[in-house]
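**Q** Sequence:
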Amino acid sequence: MSGTMSRADLVADFKTSLHDAAGVFSATDDAELSRLLDVAALDFGNIRPLLQSGTLTLSADVASYSAPAGLVAYGWETWSAGKLPQPWEATYPGVLPRVTLIGTPAARALLFTPAPTAMHLAVLGSAFTYMYFAAHSISATAASTTVAAADRGLLILRAQAEAMREMAMRNVGKPINRVDSGFSGTPRNGTPSHLFSVLMEEFRGAAAR
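Residue numbering for the sequence shown is 1016 to 1224, as defined by the numbering used here.
Read the hints as simulated data drawn from the structure, not as lab findings. C-beta: ideal position from N, C-alpha, C; glycine also. Don't take each hint at face value.
Claimed, not checked - What follows is a list of derived Cβ distance ranges for each label pair:
1) K1098 - D1044: 47 to 57 Å
2) S1041 - V1077: 31 to 41 Å
3) Q1067 - W1103: 13 to 23 Å
4) D1044 - A1137: 25 to 35 Å
5) A1137 - G1085: 29 to 39 Å
With the hints as constraints, model all of the structure from the sequences given.
**A** This is the structure:
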């Protein structure tokens, strides 16, 4: 698989890697395969954290500010780096606000507790700079995909595992042959649930190397 990190190339190689199982995901324009790759990319943050820098324009006594799209977790502020006076100095603005991520995934905000004061802004400026952890994403262009090219095979492996998990879920409502299946609760070799476990174990092992 020597394609690029563009969505089209990733979907094409992912589809090839599934062999006959690709036929299960038959939506127009390979939309289901594209969605499975998106799920795999989101999980990538657990093994390859994506650190980004951000800037907010603060106003005195305003506590809540919209979070940037894709923010998963707040990291730390760089606003005061090298600029914060000592507590005994006349220009000391007081304790820095604590920043907390609030809201829902669709409408997240950064809450400052307490709200920044006019003194904070006078001493440190209104441009609040900070670091945060963002969600990985796959783009139409390779340059805009956040997963590194070196992790291309790992991304497809995680998507393969997600495909097996979804196939197993689709089989939940189907009749079970008691003679063949048993009641141990252990996934049988070759079943989607067993392959999901095998692929996830391989994924975690490869990610740790």
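**Q** Taking the hints in turn, state whether each one holds.
**A** Right, here's what the structure says about each hint:
no. : hint                      : verdict
1   : K1098 - D1044: 47 to 57 Å : holds, 51 Å
2   : S1041 - V1077: 31 to 41 Å : violated, 51 Å
3   : Q1067 - W1103: 13 to 23 Å : violated, 35 Å
4   : D1044 - A1137: 25 to 35 Å : violated, 55 Å
5   : A1137 - G1085: 29 to 39 Å : holds, 32 Å
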